[in-house]
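Going down the list, the protein sequences come from chains A and B. Counting from 5, one number per residue, gives the positions in the first sequence under the numbering used here. Counting from 98, one number per residue, gives the positions in the second sequence under the numbering used here.
Each hint should be verified, as a subset may be incorrect.
Said to hold, decoys possible - Pairs of lysine-lysine residues, derived as BS3-like cross-links and limited to a Cα-Cα distance of at most 27 Å, are as follows:
(1) A:Lys63 to B:Lys159
(2) B:Lys141 to A:Lys74
(3) B:Lys159 to B:Lys148
(4) A:Lys63 to A:Lys74
(5) B:Lys148 to A:Lys60
(6) A:Lys60 to A:Lys103
(7) A:Lys74 to A:Lys61
(8) B:Lys159 to A:Lys60
(9) B:Lys124 to A:Lys103
(10) A:Lys103 to B:Lys168
For the record, the hints were derived by calculation from the structure and aren't laboratory data. Source: prediction; values computed, not measured.
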Amino acid sequence: TQLLEQSPQFLSIQEGENLTVYCNSSSVFSSLQWYRQEPGEGPVLLVTVVTGGEVKKLKRLTFQFGDARKDSSLHITAAQPGDTGLYLCAGAPSFGNEKLTFGTGTRLTIIP
Amino acid sequence: NAGVMQNPRHLVRRRGQEARLRCSPMKGHSHVYWYRQLPEEGLKFMVYLQKENIIDESGMPKERFSAEFPKEGPSILRIQQVVRGDSAAYFCASSPVVGGYTEAFFGQGTRLTVV
């Protein structure tokens, strides 16, 4: 069974600070996705990374896929209150296997 | 450009009743997945379907749960004889076939409460 551990589980920081969230596994994934989920809503896809070492940027968010495709990180620069939410990583075990394994989640709170 | 549509958003059932959850995928998507999110827990895979076919149901409880994705109409997740432990948020996601990897888009979920 593939597991994805996210850290930290909870993070509360002041507006304007930088932060990094980690997603780690002992298993290799063919692709990895990051989602953000608001209370009472479904997860919203932020990014998909596929290649080991890949870096993708989405405005103030930077996503990196580990060289071995076992881990990923999400870095937010100059956090804003609108970044508050539950951040989830999810991995697909192999191409053609569509079953996503979700991480444990990081609940982020940005304090104005 | 409608996203994944789930209904109802909220569903209350008494123990022993049946619950039917519906999911219409995004236009052009032929793959549907159902996930369950228990309170304070992560999303757990339940079942993966394509039109008229169940591809992977390894996450479905063996009893009382079933899913279908007919040729016409939405995908249905059916829970018979519901129990309190079935109370959860049920999310549907859909994806196109994109370069061999999954990119799943989620609906807003159906929150099932069993009383």
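Hints, verified against the model:
no.: 1; hint: A:Lys63 to B:Lys159; verdict: violated (44 Å)
no.: 2; hint: B:Lys141 to A:Lys74; verdict: holds (19 Å)
no.: 3; hint: B:Lys159 to B:Lys148; verdict: holds (22 Å)
no.: 4; hint: A:Lys63 to A:Lys74; verdict: holds (25 Å)
no.: 5; hint: B:Lys148 to A:Lys60; verdict: violated (33 Å)
no.: 6; hint: A:Lys60 to A:Lys103; verdict: holds (23 Å)
no.: 7; hint: A:Lys74 to A:Lys61; verdict: holds (19 Å)
no.: 8; hint: B:Lys159 to A:Lys60; verdict: violated (40 Å)
no.: 9; hint: B:Lys124 to A:Lys103; verdict: holds (21 Å)
no.: 10; hint: A:Lys103 to B:Lys168; verdict: holds (22 Å)
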